[in-house]
Amino acid sequence: MHAAPGLPTLAPDRCLMLPAGVLDRLMPMYLHLSGDGTILAHGPTLGKIFGPERLTGHRFLDLFDVRSPAGMGSTADLFARQGQRLHLCLRGRTDVGLRGLALADAAAGLVLNLSFGIGLVDAVRQHALTDADFAPTDLAVEMLYLVEAKHAVLEEFQRLNRALQGAKVAAEEQALTDTLTGLRNRRALDAALAAACAGRRAFALMHLDLDYFKAVNDSLGHAAGDHVLRHVARVLTREMRAGDTVARVGGDEFVILLAGVTDPDHLSQVAERIIAGLSQPIAYEGEVCRIGASVGMTLSTTYPSCEAEQMSQDADHALYAAKRAGRARAVVFSAHD
Amino acid sequence: MHGLINRALENVLRQRHGAAQWRRIAARAGLPFESFEPLSTYDVALTEAVIAAACRELERPRDSILEDVGTALISLPAGERLRRLLRFGGVTFHDFLYSLEDLPARARLALPDLVLPGLRLTDLEDGEFRLKTDVPFAGAGCILMGLLRAMADDYGALVLLDMTTTEDCTAGGCPAGVCATGVCATGGCTEEITILLLDAAHAEGRPFDLAAGVAGGGR
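Protein chains in written order, with my numbering: chain Z, 1 to 337; chain A, 1 to 219.
Excised from the complex, chain A in its bound form:
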C-alpha cells in the first residue's frame, strides 16, 4: 500500500483523536516506526493492522472509522491540497462524479507508483448514480463514501449516499479476510455506493480558484 494512503490514514487518526491516541494505535498495530513515510510503499498488512487497532482503541466499528477518515481527508485543514486536486475534476458535483473514473490515472500522473483502486460510475439518470470500486482492503469503500460526502459539501450539493451491498465475502478471497460491507467479485472485493444527487446547488459550496494552489498564489 502506498505510503501516501497510509500517511493520510495516520494523519486523520492523529488529528481527530490526538497524538497520544495515535501512538497507542500504532503500538497496538505493532508498527515498527512512529510515522508512515508518504513516499514509501508498505505491505497492505500494515494498513490492515492500523485499521484493526483503531477499531479496538477507539471502540468504534470499522466502517464508521473509515468513513470518518474519508471525510477528514478533505475537511481537515491539511486536506486542502487533496480537496483542490479533486476539485480540478469538474466544475459541478455532477462533473466531479464523472471525473472519478479518471482518478487512478490522475493519481498516476502525479505519482507513477500510486495505484488507486479502479472506479466505475453508472449513471442511472434522475440524479442517481452507482459507484463500484475494487477495494484493496475491506471497507476502503467507506473511505470513498466519506470522501464523497465531504466533496458534496464542498460543491454545495445535497446528496444521499448509501453502501448498497452488505453481504459477507469472507469466502471470496477478500484481501483482509473480513469484509462487512463488500461483495466479492472474482479476484478481489468490490464495494458499491449508491449516490442520490438531490440538489446540485443546495448551498454555496466552497470557492475554488484555479491557480491558488501553486507558488505565488495565496493559500
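So that you can see chain Z by itself, here it is in the shape it has in the complex:
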C-alpha cells in the first residue's frame, strides 16, 4: 500500500465492491491505474475525448502532464502525493486544463477522478459533450447555463449602453448650455439672435474676447483657466438684465445679446464696466490671474432690416478694431470706419 500519511488504509472487509459500469455513471471522467501507472480502465467521457483505444493500456504520465503539485515525474510520485488536488493537462495540450484527485484502491492501484474546472465551456465545445457525458450530480450543465445566461444579460446591457450613449450624444447636440460656465452656448445664441431679429424690439450685440487668457492657461494650467472662465461668466451675468443672453461661443470668446438697447453711449458704458470688472485680478489657489477683455459691438437700430449674420460680422470687425487699438477697449461698429 502506498497510502499517504493521514489517509486510512482500509481493511479488505471494509472495501466497497462495485460492479463494472458503476464508476462509469458516478464518475464518467475517472481513470483506474495499475501500480506501474498503466491505465486499466476509464470513464466514458474520457473515452470520448481521447478516442477509442487511446487510453487503456497506455501509461498515464505519457498522456497527462501533472503541472501541480510540482515534481510529479513518476508513478511513484502519484502514489506518494495521493489525496492532493492535482492540476493537469493533456500532454502537449496546455490549453486543455483538468483538475483531479487520485486515491489508492484496495489492490495497489490508483483511482483518479478528473474534471474540467473553469475550462468547461471550451472543453464541451471542442469535444461536443452532452448532458449525458456528465454525472447527474455534476453542476457542469448549470455552469454552462450560467455562462450562457450571463452572455445574454451582458449583451442586453451592452445594447442598453449603446442606446444610452446615443441618447447622450443626441442630448448634447440639443443642449443649450455651456457645461463649464453655465452660460448659453453657440446653439442657444443662434436661436436667441434669430428670435431677436424676428421680434420688433431693438437690441445690441456685443462680442467679447478675453485678453491674456492663453497666458493664464499656459502658466497656471487648465484648471486655473477653467476657474477664470467661470469667474468671467459671473462678471458678465452680473451686468445683464432679464431678457439678455450671455453665451460662451469659443475657448475665451463670449457673445452678449442686450435686449432693448438703442443708445451707443449706454452700450459703451456697459462694455466699460465689464472690461473694468474683468481687469480686476482673480485669485486662484494662492496665485493671481490677470486678464482683460476687448469688446466689439453693434446696434440693431443702425440697420435698415435685421440681419443676424451681418450684425455678427460687424461686431467682429469692431472687436478686431478694439484689439488693434491696444486691448481693454470697447468699440461700437460704424459703417464709416
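Just so you know, these hints were derived from the structure itself, not from any lab. It cannot be assumed that every hint is accurate.
[What the hints assert, rightly or not] Beyond 10 Å from chain A on every Cβ pair, some chain Z residues (computed): (1) Ala107; (2) Thr130; (3) Leu146; (4) His151; (5) Ala152; (6) Asn185; (7) Cys197; (8) Thr302.
[Claimed, not checked] Label pairs and their calculated CB-CB ranges: (9) Z:Arg67 x A:Tyr98: 35 to 43 Å; (10) A:Arg28 x Z:His127: 49 to 57 Å; (11) Z:Ala170 x A:Gln15: 43 to 51 Å; (12) A:Ala78 x Z:Thr56: 46 to 54 Å; (13) A:Glu125 x Z:Asp24: 23 to 31 Å; (14) Z:Thr94 x A:Phe33: 18 to 26 Å.
These numbers come from a predicted model, not from an experiment. Built from N, CA and C at the ideal position, the CB exists for glycine as well.
With chain Z fixed as given, assemble chain A onto it according to the hints.
Just chain A, lined up with the frame of chain Z:
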C-alpha cells in the same frame, strides 16, 4: 413587472402582428414610450394595459393571445436564447417538467431582480402532471401553457395540455380584477395546467448543443 417580460410580450406582438399594429396597441394602452426597456422594471398595470389593448386591437380573447405569446417566446427566431436556456433544464421533456420548479431560481441566477411566479409540479404518474402557478396577472398561466406547448415540440414530445380551472375569481383579490381562467388562492391568483405526456419521443425534436450559445460557438 420586470422589463424583460414586458419586452418579450412586446416583441411577440410586434413580430406576429407587425410594427404598425404594435404601435396601435401601445397607443391604446397609453404607453408613454415606444418600447419596453428589458433591464427596467414597470408597474404591472402597464402590462395589464398592453394585454387589454391587444385583446381589443386584435379582436381576440385574452387567453388565446397570451397562449400565442407563450408559444412565440420559444418558436420565433428571437426566442432561440430563451429556448436554449430552458433546454438546460433537462435532457428529456420529463426532466424539463421537473426543472420548472427551479425556474424562478434559475432566472434569479441570471438576473437577481427578475421575479418569476412560483411553479409547483405534481406528478400524478402514468404521464400525467399538474402544474400550479401563482400568476402575477390574470392569464399568465396561458403564457406558460403556450410555452409548454412549444417546448414539447422542441423536445419532440407529444403532450395534451389543458387549463383545468376555469372559475371566475373576481372576488378573490386577483391582481387584474378579471380572471377568466384562474382560481384564486389566498393572496393572489393560482392557475393550473394539466399535462398529459402521451409520447416522450414522438418526433425528432430540435437539437440542443450544450456549448453552442456562447461566444465562439456558432448560433
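Against the structure, the hints:
Chain A leaves Ala107 of chain Z outside its interface by the beta-carbon criterion, the shortest separation being 35 Å against a cut-off of 10 Å. At roughly 6 Å from the closest C-beta of chain A, the C-beta of Thr130 of chain Z falls inside 10 Å, breaking its exclusion from the interface. Residue placement check: Leu146 of chain Z does not keep its beta carbon more than 10 Å from all beta carbons of chain A (closest about 6 Å). In this structure His151 of chain Z is not separated from chain A by more than 10 Å, as the shortest Cβ-Cβ distance comes to only about 5 Å.
Its closest Cβ contact with chain A, about 5 Å, brings Ala152 of chain Z to no more than 10 Å, contrary to its assignment away from the interface. Asn185 of chain Z, annotated as away from the interface, keeps every beta carbon of chain A farther than 10 Å; the closest lies near 28 Å. No Cβ of chain A comes within 10 Å of the Cβ of Cys197 of chain Z; the nearest lies about 37 Å off, and the non-interface call holds. With a least CB separation of 50 Å from chain A, Thr302 of chain Z remains clear of the 10 Å interface cut-off, as annotated.
Between Arg67 of chain Z and Tyr98 of chain A the C-beta distance comes to about 39 Å, which sits within the given range of 35 to 43 Å. Separation of Arg28 of chain A from His127 of chain Z is about 53 Å and conforms to the stated range, judged on CB atoms against 49 to 57 Å. For Ala170 of chain Z and Gln15 of chain A, the hinted distance range of 43 to 51 Å is not satisfied, since their beta carbons lie about 27 Å from each other. As the Cβ distance of Ala78 of chain A to Thr56 of chain Z is approximately 47 Å, the hint placing it in 46 to 54 Å holds.
In this structure, Glu125 of chain A and Asp24 of chain Z meet the distance hint of 23 to 31 Å, their C-beta atoms being roughly 30 Å apart. Look at Thr94 of chain Z against Phe33 of chain A: about 51 Å separates their beta carbons, and that is not inside 18 to 26 Å.
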